[in-house]
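Enquirer: As a plain string of letters, each chain reads:
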Amino acid sequence: MTNPTEHNHGEDRPSVTNPETVARHAEYWRRNIRYLGMLLVVWFVVSYVCGILFADALNAFTLPGTHFPLGFWFAQQGSIYAFVILIFVYVKLMNRLDHEFDVDEGASS
Amino acid sequence: MSVQAWTFLLVGASFALYIGIAIWSRASTTKEFYVAGGGVSPLANGMATAADWMSAASFISMAGIISFTGYDGSVYLMGWTGGYVLLALLLAPYLRKYGAFTVPDFVGDRYYSQLARIVAVVCAIFVSFTYVAGQMRGVGIVFGRFLEVDVNVGVGIGMAIVFFYAVLGGMKGITYTQVAQYCVLIFAFMVPAIFLSLMITGTPIPQFGLGGVEQASGLPLLERLNGLNQELGFAPYTSGTKSTFDIFFITAALMAGTAGLPHVIIRFYTVPRVRDARISVGWALLFISLLYTTAPAVAVFARTNLINSVQDVPYASVPEWFTKWEDTGLLSFNDANGDGRIQYVGPDSPMTNELTVDRDIMVLANPEIANLPAWVIGLVAAGGLAAALSTAAGLLLVISSAVSHDLLKRSIMPQITEKQELLAARIAAGAAVLVAGYFGMHPPGFVAQVVAFAFGLAASSFFPAIILGIFSKRTTREGAILGMVSGITFTAGYIIYFNFVNPDANSAANWWFGISPEGIGTLGMLLNFAVTIAVSRVTPEPPAQVQVLVDLIRVPRGAGEAHELNM
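Protein chains in written order, with our numbering: chain A, -1 to 107; chain B, 5 to 571.
FYI, nobody ran anything at the bench for these hints, they're computed from the structure.
One should not assume that every hint holds.
The list that follows gives simulated cross-link-like pairs (lysine to any residue, SDA-like), each with its CA atoms no further than 25 angstroms apart [unchecked claim]:
id	chain 1	residue 1	chain 2	residue 2
1	A	90	B	290
2	B	477	A	99
3	B	477	A	100
Let the sequences and hints guide you as you build the complete structure.
Expert: Take a look at the structure:
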């Protein structure tokens, strides 16, 4: 079996035997997991918590400035907006992290 | 111009556009056929993914389902968008880095097993065919109602168009056609929504209109609809009837299913870099959310309009659209109390309901119910067709690549040349179009259950296998295969039992923990995770080169283009 990156152009492909690189990649992965954890908590709260588990309780309130019952708004509008924002935040965080750990990609090939 | 003339004009023009794009973007290599050469821009891929994803179910059925079920319909809104967060964070960047052509490619290589590959191929083909059947029903409804042609002829025309651009252009043709189809479908969905929002709430933005005030009554729109619903004996619109527990499980199954659907995943193989794959999921969800945040507004407008225009109206004076939909059999009136008026009431009303409305017709009938101009009605027909055809094409490509690439090239006949593989891919795509056409002309009577099946299956098979393959190096071949098999068997067994073996028992009282067959995929997924992790602990760890592979897909650098792998 050949690994997939062997087919790629680009001289600086990561060497997995260099201990310094291995440690750097491990730290990169740890930070990535931490970002994922944070973002997925928000993902869970806006949909499962606000839109489902506590939707009935939240329906006692309305979204300020509108006539939306709050739980209903989370389930049919708010959670979707939050999902879009979450992905763009993730992209921003990861692009910065890639750069910081020197694992980012060059220009489009 | 009449509605029919406008429909012919707009549908004809959109079809001509798709054919033009197909001729311009022919595929000449397997790489172009499978992943559009791997050079699609993230924005274009986002648009194509949105069209790929938003099917006849999203365009035609979803707002209708929400319209009739109110809050309960939220499972589709959250489930079918929240899955993209999982896709962006947990799957797309790593699968892009891996750089294969298909989903079984990844499963087979990561789990160093032909058996795993074959299990994945079978799942991919099954999921895709069940989905295609649903699209064809959508095509049939649009043709039957708006062009007043025979449904079989309609399906035939739709198949011919898909055949042309999918077989000729492969992923390349499909991608650029889908970009055009997204534009057609979103325009077609938004125009009537804006008209309706203006008419009912005086606000041009439907998302705001939904939380606004109904002009006719001066009451908040949602409060007014809750009142109307209760007056007629339905559950209040904003609270629904399903149990919270079941809503939770259905939403989770739809989210994980969305993230595990092969025709969506392969779209992220078509962009040049890992960072493009990430942002591309963001664009896709942004484009999707435009329709998904508008649909709940359309649902409320449609319901308010429907009640206002038919409730207690003498049957003799119903509008023209009413009789036209009666002709299709999707709307029917039975004067139970013989007073010559339409009583549309819910289960809690002392009166007998006399009107049956198929929820699939709400979006299509909406512009007519609201008396919108003829061209808007034609536009909605073109939009519905764009949604159905774009998704059908994406699914057909998954089927074709599963046969020509995973089954032939990677399993049975590894010695075939690229030219032969490309030919096989085209033949497989052509055969898949014919099978899909057959389903369209003879739709199975259980399309809705079958689609739930597809999501449950994707959630309980691919999703855990791919996630663990990336996030846990220790996951072994034995663990993944047993996990997939137990997840699928459990989920399929539950769904088949309640839908086909013992449909009479299909009620909350008999369900395990009150979980409906639609939501059981979540339990199947948890079972898959548990089995995979447990078995992986007691089996020999994966070979060193597989662990190296996992390390490599975790960092973006060196992704290059999607390419062929040699094991």
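Enquirer: Hints first: check each against the structure and report whether it holds.
Expert: Outcome of the hint check:
Between residue 90/A and residue 290/B the CA atoms are separated by roughly 16 angstroms; this keeps the pair inside 25 angstroms, and the hint holds. With a C-alpha separation of about 21 angstroms, the suggested pairing of residue 477/B with residue 99/A holds against the 25 angstroms cut-off. Among the hinted pairs, residue 477/B with residue 100/A is consistent with the structure: their alpha-carbon atoms are about 23 angstroms apart, no more than 25 angstroms.
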